[in-house]
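Student: Protein sequences appear in the order of chains X and S. With the working numbering, the residue at position 205 of the first sequence is 205, and numbering never jumps. With the working numbering, the residue at position 66 of the second sequence is 66, and numbering never jumps.
If you're looking for bench data, these hints aren't it; they were derived computationally from the structure. For each residue, glycine too, the CB sits at the ideal point set by N, CA and C. A portion of the hints provided could be inaccurate.
[What the hints assert, rightly or not] A few chain S positions that, by computed beta-carbon distances, are all more than 10 Å from chain X: (1) 39; (2) 248; (3) 293; (4) 452.
[Said to hold, decoys possible] FRET-style restraints, in silico, Cβ to Cβ: (5) X/189 / S/456: 52 to 60 Å; (6) X/88 / S/667: 28 to 36 Å; (7) X/155 / S/160: 26 to 34 Å; (8) X/27 / S/242: 49 to 57 Å; (9) X/106 / S/314: 31 to 39 Å.
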Amino acid sequence: MKTPRFEYHAPRTVEEVLGLLAEHGDEAKVLAGGQSLVPLLAMRLARPAHLVDINDVEGLAGIAERNGVVTFGALTREREAEGSALVSQHVPVMAEALPHIGHISIRNRGTVGGSIAHADALAELPAVARITGAEMVVRSSTDERVVSAEDFFQGHFTTALGDEELLTEVRVPKGPAGAGWAFEEVARRRGDFALVGVAAMVTLDGTGKVGEARLCIIGVSDRPFRPSAAEAVLVGKEPSGEAFVAAAEEAVRDQQPASDIHGSGDYRRHLARVTVRRSLELAASRAGRAS
Amino acid sequence: MSMVDQLAPIGARSIGARVLRSEDPRILTGRGHYVDDVVLPGMLHAAFLRSYVPHGRLRSVDVEEARQLDGVVAVYTGEDMVRLTQPAVAGSAIGINMMPGLRSPSFYALATDKVRYVGDPIALVIAEDRYIAEDALELIVEDIAPLAPIVTYEDALDPSKPRVWDEFDDNVALTGEMAVGDLDGAFAKADRVVRATVFVHRHQPVPMECRGLVASWDADNEHLTIHSSTQSPHMLRLLLPPQIGVPMEKIRVLAADVGGGFGLKNGVSRDEVAVAAASIDLGRPVKWIEDRLEHLATGGQAREEMADLEAAVTSDGVLLGVRMEVKLNAGAYPGDPFPGAMFVGSIGGGFQGPTRIEGLSATNRAVFSNKATYVSYRGPWATADFMRERLLDIVARELDIDPLEVRRRNYIERGQPPLAMLTGQPFESATTKEQVEQAAKIVDWEGFRQRQAELRAEGRYVGIGMASYLEAAPGPKIPGAVDQAASILGNEVTHVSVDQDGTIVVVTRQQPHGQGHETTLAQVASDVLGVRFEDVRVVFGDTNVTPFALVGTGGSRAATMANGAVLHGSRLLREKILSLASELLEANPADLEISQGVVSVRGTPEAKLSLRDLARTVAEEPGRLPEGIDTELTVTYTFDGGSSGWSGGTHCCLLEVDVETGLVHIDRYVVVEDCGVPVNPAIVEGQVRGGVTQGIGAVLFEHSAYGEDGQFLAATFMDYLMPTTTVVPNFEIHHVETVKTDPDVNFRGVGEGGMIVAPACITNALEDALAPLGVKVREQHLPPARLLELIGTVRPR
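Just chain X, same shape as in the assembly (with noise of 0.2 Å):
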């Protein structure tokens, strides 16, 4: 389990980041919290020429808030992101899904963009992107551009991120008023990849009934995956259990998550079903009634 060999940067401002990612190509990789990355060198998954390391750059961190929408700074720890104010006012989905990734010391290092721009189809922030409509901003030496969640995760590890380009920036929104979140996940153990992972978001009309529902599921496909029947069926509905029953059916009805070593796709399958059910009750009891 030693790494295959490579040459190391260790660039100081992004600008030399976007040159060297221009000159390498796909033959560099960057190196952020190196959780993801650092055992899939030793394993020899990966195994670029050119390993950029961002750690040193100025400027790529932090989290702020500005017209509604929380920026996070793609070299932000995800340490940091769990203990901010921002967060857990504006982005409870988000709280609530940073302690499921690994342990304290995995998001001591672990980076809000390294895993975003890894998108691991099991990874929680992804999903949290997926669901609160995030951006990410992608730059390269000739160009900057905003890409929508949506847009962005393309498949297991496989995103709109070109080979010369680097994820900069993730642009959060604040939700709607009054809306309630949630983030539920089944995992083997505290910390492990999840099994299922769901993010819901429920509002309420001033009758009470679903004004907006919005899910996004980890583990039935290769990426964060938005039901948008599943989202529609609740609109309009009492926020019971039989309509979220009807939900997490609606949800998984065309999914056929793979087996694997801990469990077969209908397990997987099974754990969604029950997952969205009980995503949907606990954001709706965090919903208040639009006045």
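Please arrange chain S on chain X, whose structure you already have, making use of the hints.
Tutor: Leaving out everything else, chain S in the frame of chain X:
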């Protein structure tokens, strides 16, 4: 009260005190010295190319390109091993290969003609560092013609499938049988026969420190020094010579801190043979540190046993006799010196435990397969306890009697017949009944049943389980019989002496790897000798100074054997000290006492002599002592274990199953145990916690899984899940009053007890929790997905 508050400094007596471990300041502050900390001048690094094919003919291995890589010193293949070594015949050094019914293939350290499991070493690269060695592995090209893999026990016996070992005419590794007591009589008077087939899955010891060694050949003196992460330093000296051609007296083995073993490091592996051969060939030190991928795939795995049980029972739930057919999947390469197949006999052999059964028979068969080597794992007979304690619950459910009541009816009562097991081993000192009653009271068994009924009405699934065991560590002797334990593992030899500075040196053949012998043996010596605890030094891990032992530390023997040897040896040394001091102090030895390392005359405190002055006088002024007096301030004591007695315990587990997810929460885990007189209760409880934790792992998390195609599926900690702090409950540990059997030594082993009984206790609780859903548990591994299959929520795979 915090853990630290409970630990006390030494009072007047050290035995029985919760003495802080003297190892801990070193280990907990990162100053431990493990095998990877060994750095020798000119040292090279080893890495193995391992087979990804579970079963196949090895047609060729091309290592030319690897040899050319900068920094690579040598690349060895099976052909080189044929040139440099002799093949192993597992167990031959101690004659185990001659066991009736056992087949022992011979093989080299690296694959020659075939590969036999995923991880089988094919080539060995020696390079300037491990990075380069791994780079070189990628340049080796092997050509393997795949054969059908032998994965399951049934595969092994399928005549249409190939043989793992061409030299045998089928895949049977061992056949045997045993019968004790009056089984026919038991079945004749039975009211009914209960049948069950019970499975235990493959799982494995996972020490924090993987295997590893540094072999260093001194060509001038033709002398081999091995630094090893081992439980048994002398074993390497015994097992290596026939393979590497270096005589035993030319091999020195050193072992410093060892980060766990659990039975796995009580053998000599092919990897070690290959690295030693490479060092001899190159005349340079070679280090091999097993990484976690290698460890999980090749370090050694255990269990994977099943039994068809047929029990003769009365309508009251009393077990009269059991007929069992035992099956074991031993993997490809037998362990040396303990081939895994031999453990199939331990299941019938250990089945009786504290029950009053009247007859027992077992037919045993072990098979070869394309899996990793079967090794001993903390209580290698553990499946025996699992079968018995599961069977008691199965009987209880069939007869609709509470499992607690069934245990009351089946376990022996002290002083009541039978007074001995069917094998003749006396039950004397087994306190099972007392443990059961104490445990039932602590958990309020009856009260729990009421609460369980209420919670079931709310749709919650809580359960309770109980299981008991006896642990022969080493266990009472059978009157008139040859001591079986001593015949393989030997009596305990220990040196105790006064060093020149007046401190006490204990030289033990134990090889501590987490047990805290530096603390416990010092406790015993300081008590007996009247010296300060910190003035006793425990020396281990150097075969140049420690007495020979086939097994250093294993089998939970140290408590009785090592503490006993130190106790008796210290007594003899004390007599010598007093005899010499009586001459120098001109006092009767009977009037002398030793306290804090100073000999003084009772009632005349000014007449005193420190051990330091005594040692100096003996060495420098022998003229002050009478002619002919024994001035050797050292004792070598050989201890046979004394009367010894049973360790044992009863465990209770209370848990809840989330029947929607299959996740299990352990609400309470209660242990009532008896290990005789504990030298250090904190260490005893640590052993219990660790053992039960591994039991929790076995049931809920750990599985050395292979696919139908023979691929190994659990080679990382993402797939092989260990129990972590978040899933392990706070254990409630209680002790019963023990029955002393020996005038002097009543310390009994406690290393394996937690692990051997916890799996049955937990599975019993799971079956109890899920009883309203009609779930029958017949296997040991019950991860959430499997529980939902048993409940019927999810289709079986």
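Student: Which of the listed hints are not met by the structure?
Tutor: 3, 5, 7 and 9
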